[in-house]
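Undergrad: Sequence:
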Amino acid sequence: MKHVGNLIQAFLSGELDGGRAAEVEKHLDGCSRCRHEVQQARDLWEMLGSTEAVPPDKGSIWPAVQARTLGRDPERREWFFGTGPRMRTGLATVALAAGLVVGVLLPVESDQSAAADDALAGSAWLVESSWLSGSSWLVTEQGTGLDDILLGTDQSDEGNGS
Numbered sequence: 001m002k003h004v005g006n007l008i009q010a011f012l013s014g015e016l017d018g019g020r021a022a023e024v025e026k027h028l029d030g031c032s033r034c035r036h037e038v039q040q041a042r043d044l045w046e047m048l049g050s051t052e053a054v055p056p057d058k059g060s061i062w063p064a065v066q067a068r069t070l071g072r073d074p075e076r077r078e079w080f081f082g083t084g085p086r087m088r089t090g091l092a093t094v095a096l097a098a099g100l101v102v103g104v105l106l107p108v109e110s111d112q113s114a115a116a117d118d119a120l121a122g123s124a125w126l127v128e129s130s131w132l133s134g135s136s137w138l139v140t141e142q143g144t145g146l147d148d149i150l151l152g153t154d155q156s157d158e159g160n161g162s
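Read in this note's numbering, the sequence shown has 52 at position 52, and its numbers run on one by one without any break.
Take these hints with a grain of salt, some might be off.
As the list claims (entries may be wrong) - Below 16 Å or equal to it, Euclidean Cα-Cα: the simulated EDC-like pairs (lysine to aspartate or glutamate) are:
hint	residue 1	residue 2
1	K2	E37
2	K2	E23
3	K2	D29
4	K2	E25
Said to hold, decoys possible - Just the calculated beta-carbon pair ranges, DEER-fashion:
hint	residue 1	residue 2	range
5	P63	T93	48 to 56 Å
6	V65	V94	25 to 33 Å
7	E46	G71	37 to 45 Å
8	G49	G90	19 to 27 Å
9	T69	E25	47 to 55 Å
10	W45	G18	18 to 26 Å
11	H36	S60	41 to 49 Å
12	M87	R20	51 to 59 Å
13	C31	T69	47 to 55 Å
14	T51	A22	29 to 37 Å
15	Q39	E15	14 to 22 Å
16	T93	S60	18 to 26 Å
17	P63	E15	38 to 46 Å
Hints listed in this document are in silico derivations from the structure and should not be mistaken for laboratory results. All figures in this text were calculated on a predicted structure; none of them were measured in a lab. All C-beta atoms, glycine included, are put in the ideal place defined by N, C-alpha and C.
With the hints as constraints, model all of the structure from the sequences given.
TA: Laid out in structure tokens, this is it:
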């Protein structure tokens, strides 16, 4: 049998079946090099077994990383509400909810052309009084002056031929 270096850990941990373990033991009886490797592995296992198991930290490792790399104090809180992922997610959710509430509660004009006509009719007097005084397009009847201006028609008495 060749050297059993790749089977040493399985042999020591008891993972090999009976026949395979017997072959490894037989090889170890005749090979000093493999016996030496098995002894080193046993010493390593004993050393690892004698150490105290340290439970993993349940908190985040990020504060320790920041302290070591950026020189930040892990106990120092950021201003305002902090910059943690929960706070950012919460603020984004509140902003989204506020946008939805405003969008739903604001009155919506369904007939936009009617709103545009009302705006034009309301400002017709301003247009007539400011730019068209003395013009032949000026019609003094309420609400028709702007239509005449936009259409380019002359509805005054002089233009009708009467």
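Undergrad: Compare the structure with each hint and give your call.
TA: Right, here's what the structure says about each hint:
no.: 1; hint: K2 x E37; result: 14 Å, holds
no.: 2; hint: K2 x E23; result: 11 Å, holds
no.: 3; hint: K2 x D29; result: 13 Å, holds
no.: 4; hint: K2 x E25; result: 13 Å, holds
no.: 5; hint: P63 x T93: 48 to 56 Å; result: 25 Å, violated
no.: 6; hint: V65 x V94: 25 to 33 Å; result: 29 Å, holds
no.: 7; hint: E46 x G71: 37 to 45 Å; result: 41 Å, holds
no.: 8; hint: G49 x G90: 19 to 27 Å; result: 47 Å, violated
no.: 9; hint: T69 x E25: 47 to 55 Å; result: 51 Å, holds
no.: 10; hint: W45 x G18: 18 to 26 Å; result: 21 Å, holds
no.: 11; hint: H36 x S60: 41 to 49 Å; result: 45 Å, holds
no.: 12; hint: M87 x R20: 51 to 59 Å; result: 57 Å, holds
no.: 13; hint: C31 x T69: 47 to 55 Å; result: 49 Å, holds
no.: 14; hint: T51 x A22: 29 to 37 Å; result: 32 Å, holds
no.: 15; hint: Q39 x E15: 14 to 22 Å; result: 19 Å, holds
no.: 16; hint: T93 x S60: 18 to 26 Å; result: 22 Å, holds
no.: 17; hint: P63 x E15: 38 to 46 Å; result: 40 Å, holds
Checked against the numbered hints given earlier, the structure breaks hints 5, 8 and satisfies all the rest.
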